[in-house]
Structure formats: structure tokens, C-alpha cells
Amino acid sequence: MTLVFQSLRKVYGEVVAIDDVSTAFAPGMIHGVIGPNGAGKSTLINMTAGSYTVSSGSITLDGKRLDKLKKYQIANSGIARTYQNIRLFDQMTAIENLEVCFYPAEVAAAWREVIWPPYANAQRRRRREKCMEILRVFDLQGYADVDARGLPYGRQRMLEIARALVANPRVLLLDEPAAGLNHHETAELTAKLTALRSPDRIMIVVEHDMDLVMTLCDSIIVMHHGKLLFRGTPAEVQASTDVQLAYLGTANDIDDIRAAAQNRRAQLGIRTRRRS
Amino acid sequence: MAAVDTLATARPRANRTISWLVLAIAIALIVATPFLPNYHVRVLNSLLIYILLGIGLNIVIGYTGLLDLGFVAFYAVGAYSYGLLASPQLGLHMPFLVILLVAACLGAVTGILLGIPVLRLRGDYLAIVTLGFGEIIRIIINNLDWLTGGPQGIARLDKASILGIQIARPIDFFWLLLITVLLVGTVVWRLERSILGKAWAAIREDQDAARGIGINTTNAKLAAFATSATIGSIAGAIFAASQRFVSPESFTLQESVLIVLMIVVGGIGNIFGIVAGAAILILLPELLREFAEWRILFLGLLMISLIIVRPAGIVPRSFGPEKLIRGLFGK
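Protein sequence lines correspond, in order, to chains Y and L.
Position one of the first sequence corresponds to residue 1 (our numbering), numbered consecutively onward.
Position one of the second sequence corresponds to residue 277 (our numbering), numbered consecutively onward.
No false leads were slipped in.
Cut-off 16 Å, straight-line C-alpha distance, at most; resulting in silico cross-link-like pairs (EDC-like, lysine to aspartate or glutamate):
#	chain 1	residue 1	chain 2	residue 2
1	Y	Lys71	L	Asp482
2	L	Lys599	Y	Asp145
3	Y	Lys130	Y	Glu106
4	Y	Lys192	Y	Glu133
5	Y	Lys227	Y	Asp20
6	Y	Lys227	Y	Asp19
7	Y	Lys227	Y	Asp242
8	Y	Lys71	L	Asp484
9	Y	Lys192	Y	Asp139
10	L	Lys435	L	Asp448
11	Y	Lys70	L	Asp484
12	Y	Lys130	Y	Asp145
Bear in mind the hints are in silico, worked out from the structure with no lab data behind them.
Using the sequences and the accompanying hints, generate a full structural model.
Now the structure itself:
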């Protein structure tokens, strides 16, 4: 029961964003994805969730091919995600943001909700209760009926994770969940995410906050220039000279890496375009 | 009006007062209508038709967030359904209720036919394409002389009757329209509160994130287009039956724009907002009739000030049917 990338590639014109990445993610673990800006971390997430198409290679979950599916089908196959820039349904209340996730399971009976009020009331109550439970996990119950855009930034981040959990996903993809959070909120996030670890859930976290990654993750993959540079436990990653050179770096190395990167860009003749 | 906003949302007692006031005005108006002269009843009928159209278009614009400027096409489909199936034009004289059903189905089909090609479009692009669609339908009707009578339209439509009761006087149509508005309004309100309505809102807020939580946006949007078009078409059929005459003139771009304006002025996404918007944009021109050309100027000034004072519409989004019921029956 694993998520498998097989010779995964993503190419934009001449730019290779993801270059032949093959790896597997086991359930019950939190997998960290780290690497310098532009290394392809978010691209991996976006391809897995179906936001980007896959140029070649494959993504499978338990042997089921995901990369040929539409985005909503991928979501319904048990993949949930959060976004680097928070993407909530702004003008819906916090609880509505979660309730709408019942759509795939319940839309077929929507007509019954229209013609039969008792059924509709029962459905609404049930949905609300379930979503309230999830909100409580994230200490958001006080915000249930507040528009999502009215929540403080840190709460919005939490709400987005809560939304991703409603469908009880097999794979949870978190794209920089700690971005913009203060120390206190980051600590809270670490605690919540640790609690989300479950034997049949695959969690993948892209993150720049090294403290968070090192405390949270069981296994880390290091991306560099679209390639998978290293894979190991947090201790192994910290000990690896390859990783240090490419990413964690010492002051002297950084110049070398920059020069190498510039060379490479010149070779490919690309205009540097911001990619997330 | 700002007071209504804060009062209705903040204090249940104020909400109670406002709710009873709204109900009292509505009942008074309904009870008084049979005693009004025919001309006034006709104005109210046209108000009700526009409310019906507003409720339909609001599904696409207000709930799903797609700017549709060709809504009048579905209105035309419904009107010509009645025009062709209950007149000497084709020698067909089908019963009113059957035509209503046919019009509803035709409306849904045209709604989906329009929906499919514009699924990928949003915002301005969608507005332009739907605008074109509305014009295409009107021009087809205008030029298909052998079927639609071209610019002359179709005259001498049958008198409508439902289960042997003839619907001919303005007051008959008033009751028919009132019942239709209440029925359609209830169904649409319940739809909005259903899981499908929530999905529409999610698509409006962030289509891509909606896909990300497993919403098949194609289906949800087509459902919105189809429901909206069905309502437009039903309104058209009743309109044709009440006029007993249809011509392409009734289905210009101006009509589409007027319905959009009603929604925007009244309060986007709110059924009560549509009633308020329709009241202003349909009744006011009638009330200002004696000022002749000046009335358009008045109307323009009013709209500008409304948009400055209440950019989100006259009726606050929070004051919907739910709030009214809670205000009336407590908790």
C-alpha cells in the first residue's frame, strides 16, 4: 500500500523541472521533501494531486495509475492536499469549507435534499456534526460560522489542513504548511501533524522550516535541480555531505552551487521564470 | 439600509421585527392585488416574471459565479415553445401544462448545449460568449420566418387553461405567477442549501480548489446552467401565454442586462435581493412614467448612488429565507 513515482518527469519547453524521479512513500510515515527553491518540490506535489500534468513516467497508488486521471478523480482516489498559498473558499464559513467536501459522496442524493426537508435537515445536521469534530481537532470550533477570509492567517492554514482531512484521505500532501506561521503556531502545527500520523495514511510535507522537517518527518527526500539527490532519515540527511553541499551548505559551498546553477541555466539558454 | 444589515445579523429581536414587517408587506400586497385596476396588476405580473427570471439567472451568476449575459435566450425558448405549440402557426393547440413541461425540458437542453462549449471560460470571456449566444438565438428567431413568423412574431396564441380553469385575466396570471415564483423560489433556495449548492459556491470561490476536494466541476456547472435555463424557459412560456403574442423584440440583449442589474442591485446570491432589485428596476420606471425621458436619468442616478452606498446590494447576503423563517417562528 504505497504511493510510487516511477521515472517521473516534468518538462516545460526546455526546462526540466522534474528529472527522472523514482521513489516510493510508505504509509504510517511522514515524508519530508526538502531542497532549494526551484528544486521541484512543489511540482512533485502538484503532479501527484493532478494540478499539473505528468510529462512522462507514472504515479501509482496501490498499483492504481493516478497520473492519467482528472484532478477531481485523483482527489476522489484518496489524495488530499493543501496549497503553498492558502486556497480556501473565502466567502464560505469555516464549517462550510469542510461540509462541501461531502459533495462526491452525497451529490447523487442532492435531489432528495431538495424535495424532502426532513432528509435535508438530517443530512445537514450529520454533515455539521462530522465537520465540527474535525474543527475541534484543530481548535477551530469557535470559528465555525465565520467566513474563511475572516480567520487569522494561522487559523486559515489550520482550516486548510482540516478541509483536506474531511474525506479521510489515504495520501495527505502538505505544501509548506508552516509558511508564514510564527514560532508558537509552528509548534502547534508540529503537534497536530504528528497526531495525524496513522498506520494507513501517507503524509508528504514540503517545507523550508528545517526544524519542523527534522522533528516531524520519519523520512526525507532531498530534491536538487529536479533530481532526487538523497533519501534518508533526518539524521542521515543532516550527516550527508551531498546534501550539505547542495542545500544546507557552508558559506563557501553556496557560491560554488550558485555558479554551477548559473552555468546550467546558461547552457539551457533559459529565461529564469519563477516557478513554485 | 445599513441599519437593516447590522440589526438583522446582530439581534434576534430586530430580526423578528424585520421578518414580520417583510411578511406583512408581502401579504398586504397580495391581498390588495385583486382590487387593483388591470393596468397595475399587469405591472405586478411583469414584476413577478422578472423575479422568476432573476431567480433563474442568479443560480449561474450568484451561486456559481459565472457571468452569463445571454440568459434571455432561454426566456425566448420558453416563449416560442408556447408560441409554436399553442397557436394557429403550426396548427398545434397543446394544453398549457404540457407546454410548460416541454418548455422546461427544452430549456434544460439548451442550457446544457450552451454550457458545454463555455465550460472552460470564466469572467469576461464567458460574458462575451454567452452574450453572443443570446444574440444568436434572437437572430435565428428573427430570420426563421417559416417557423417563427420572423420579426412579425406569432399572434393569436391560445388562451391558457389549467385543468379546465381558464387563465386569461391579468389577475389569473397574477395567481399563476405568484404560485410559480413561490414554488420555484423554494426549490432554488433548497438547492442552494443542498450539497450541490455548496459545491456551486465552492466553484465560485476557487474552481481549482473545488476540483482538489473532488468536485466534478463540469457536472456541477452543467447542473447550474440547466436549472437556470429551465427556470428562464418556464418564465418565457408563462410570459407568452399572458401576452398571447411573441416577437423577437422581447428578447434583446437589454433584457439580459436588466436581469443582471436586478441581481446586482438587489444583492447578488440572495433570493430576497432579487425581489428588491426587481421592485426597483421594474416598478420605478412605471411609477416615474409621467416624467417621460427624465426617468431613465433618475434611474441612472439611483443606480449610481446605490452602488456607491451599498456595493454588495440592497439586501444583505445574510438576510435570506432562512433568517426570515427564524425571525418569524423563533428560536
